[in-house]
Amino acid sequence: MDALAGFGQGIWIALQPLNLAVMVVGVLVGVIAGALPGISFVNAMAIALPFTYFMSPLLAMLFLGGIYVGGVFGGSISSLLVNIPGDPDSLPSCWDGYPITQREGPERSLSIAITASAVGGLFSALLLSFASPPFAKFALSFDQPEFFAATFLGLVSVLAIAKGNLLMSLVSLFTGIVLGSIGTDPLYGVSRLTFGVPILDNGIDFVVVMIGIFAIGEVLDALAARQAAGFAPKHKARMRVLRPRELWALRGSVARGTGIGSVIGIIPGAGAAVGALVAYGIERQVNPRRREFGTGVADGLAAPEASKNATTGTALIPLLTLGIPGSAAAAIMLAALTLHGVQPGPLLYTKSPDMLYAIFASFTLANLFMIVISVLVARGFATLMRADPTIICAFILVFSLVGAFGVRNNIADVYICIAFGILGFYMKRFGFPTAPLVLGVILGPLAEGYFLTSMANYANDLTIFFTRPKSGVLMALAFGFILWALRPELGRLVQRLRR
Amino acid sequence: MPAHAPGRQFRVTRLLRLAGPLAVAVAAGVFSAFYLAPGVDTASMTRGPLGPVVWPKAMLACLLASAAVVFLVRLWQFAKGVPDDVDGGKGEYHEGRGAAAIAVLLAYAWALPIAGFAFSTAVFIAAVLLLGGVRRPRTVVLTAGIGTVALLYVFVKVSLMPLDRGKGAFETATITLYRLLGIY
Amino acid sequence: MMRITIARAVVMAAACISVVPLAAHAQGKFPSRPIDMIVNFGPGGGADQIGRAMAKIMEPILGVPVPVANVAGASGNAGLTKVLTSTPDGYTIGTMTGLTISAWASGLGKMQIPDFSYIAIGQSSPSMLFVPAASRFKDYKALLDEAKANPGKIRVATAGYGTLDDIAVKFLGTQGFPMVNVPFAKPGERYASPLGGHSEVLFEEPGDVVQFLESKQYRPLVVFAPKRHPSFPDTPASAEFGQHIDLPNWRGVVASAKVPAEALATLRAAAARALDSPEWKKLCAETYSCIDRMSPEQTLKFVVQNSADVTRFMKEYGMVK
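Protein chains in written order, with this note's numbering: chain A, 1402 to 1900; chain B, 56 to 239; chain C, 3 to 323.
No wet-lab data here; the hints were simulated from the structure.
This one's a predicted model, so the numbers in the text were calculated from it and none came from an experiment.
Ideal Cβ placement from N, Cα and C applies to all residues, glycine included.
Worth double-checking, as some hints may not be accurate.
Claimed, not checked - Selected chain C positions facing chain A (Cβ under 10 Å, derived; list incomplete):
| id | residue |
| --- | --- |
| 1 | 46 |
| 2 | 55 |
| 3 | 70 |
| 4 | 81 |
| 5 | 105 |
| 6 | 164 |
| 7 | 183 |
| 8 | 200 |
| 9 | 217 |
| 10 | 311 |
Work out the full structure: start from the sequences and follow the hints.
Here is the structure:
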């Protein structure tokens, strides 16, 4: 079938009342789950899986896809309104987004966020719809060294979030990587760094760490602070799509974020959180206003927002085109499909093109519906935040702990989450940077897996990361950033040596 | 450092900031020396030069090195009398209330597997409210009660999460409660 | 004053709670409330599939909901810990795989075979080698020839060290066909690697790569078994090349060994009916993993035997002490 005609027919199928309703409900569930601190969109998708038993495969995909698209954005609502990321991928949105909320009100920050996210998501959905086969080929040309190099680039973004305290950020980053390596090693199955404590065998999941440090830590801070600040935003949480001129002013960051996110999306295991982090890190290096980052620069919010939603479409390309589940979200969709006896892969193009194009079209539409639904949810969320701050604190704590439990339905994660909450509370008070630690917990295990597999696959040749063209470019980029960021220090050193 | 809090507080904070990285470095050293993979002969499992503890070991070394550098830099600043750049801790804190909040959290974690999600959550919400200064009995009881029931519907009834039901009598009570609420 | 209001709040809360146990004592017959199905791996894998399918089929048979929860972590041990530590009343069951039991042999966790009651074994999946459709290896012999000519050059994408995959690669090494084991942390990465030309061979159960077999992206080279698999009549068995190794991975449903006999009997009867259902037959046929239904005694014997086979190989190759 001709792609354009197929897509047109897909739109028509997607707009059938039942299909549309299921997709809209999915987006709504996703945005709400994303916005609740603690409940992540992956969590929500796993919970939604049993509901898809009774749906057709198409409806199941529309429902889960809706949750995915909505959930990846939803996290930003709580990032921007209360400075607690609703999802790991919304963490970078706190850094420049929340200052914008404080200075110019939530309308400005929410509008930037939803517009950038929608642009990134739409572009990615269109890539999924029209460029899947070549993009899948591109994805297959990436191997473990490339994944490692991309992860390394993400780790280098610690330079961007260091805010002048580079050394302490490095301590924090390496602490995070070490914490991330606790538990059963993914390749050997050996328990490491567990002190013989059985609950640590499961390892430390980054979602649990993030909930602990940013949700529980923040609530402890609010409870202990002498003057409770309250969560209610000062202004009404209105939200709109940016006018073309406003969007044009952000074109650079949105375009870079979208590009980065689209590519990161196809990397297995990386996903929206890595996409947002890398996009923020790169934006911080190349943006003309990079020195003001962290104080509320619109570009610093737009880039990670565009990037995280740009991962959603391309993340499905390996699944739908090749049958490879690249991310946690894709694995849940694979489970939903196989339970119905549908095997994703190249055969979908020949055997059930109707369904495939309906999925493509719905994904594209979901990014548009996301805007309307997010406006409603953000308003409801802002209204809820007017309640007594203590009541909000109590419920954020419960949601956080249930969310931590839900990551693997394991009480051990609740304990770990509380431990990190306490740690985060004190880290913040003693000026120990928390974001690099989370970065380390997210990227450390990925880097280890990619590194060890690369070594096994290429006869323990360390130069492989530089000699393979794609990986070489990424590594060069990473080292370029390191030199660029250390420029002032290096300059001083050179001067001193001259003298 | 805020101008109104010099003296002892200042010195304590400063010492903590000096000791912090040192503590991290020492902890990293202890970790790498003793606890990488207790009771497992990692050398015999290793293929090629890279075994299961190579990565954590390397990262611990990096942590150790960066923490040591921070400590030395701070020590040098301390000796030279360079003014400290404390940037953490906004405003003032009720130390007691902070500690109480942590205690309530830990108690909740301890109670969850024993008393089950339903009962411990109700008590937990009530405790947090009391701690945060909500003292009207009706508000406390209604928020905790209705809130818990709503949470049960969302997470147990709709989301089918296997939240703890507690042990012994608490499990019986939780199941009875679920039956009353129509969850089971 | 403050103290009094707090006390009153506590009393009110206590009053609310104490009414509850009076209300109902509808215990009676097993099962009278939902049974939790703990899947000991994340969503989207083989254990998830059997757990969800069994739960779905057993629901109407048992007459109560069987909600599925993925409790992943520690090579499948986290979920089994949950099965063991829940109240042993039959209301918590879980998935179990042969892989998990062989992981115990390598020193992970402290669980043992007798800790569990084996309700049913639903699948036994053969282990096979696959190559991408366009691979230069036309058949298994071509692969073996090249492995012999260029020792340690052919790369096999596997699930990790200390697994069945690892055993198979080591076994081939001892037979004079040394190849490199390239472990992947995530299945998606593993399937992508040979497809992208970054490694040569994939070790996997056919049921986990159905999508690639149907679309002819991968083709099977050999099955590690005494004889050919009925679904792959054209794929030789390793025994035909004098390689006597049988590495099936089984999947089933277990409960704690402390579950009372009546509840266990009900669960076993329900599982047996589920395994006989056309729905299940279709699923196991689609995943090339059908196995004859066994009595409880046969099941236990099968589990013990399978574990002993795997452990013997692991000892032989120095993977366990």
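Starting from the hint list further up, note which numbers the structure goes against and sort them upward. 10
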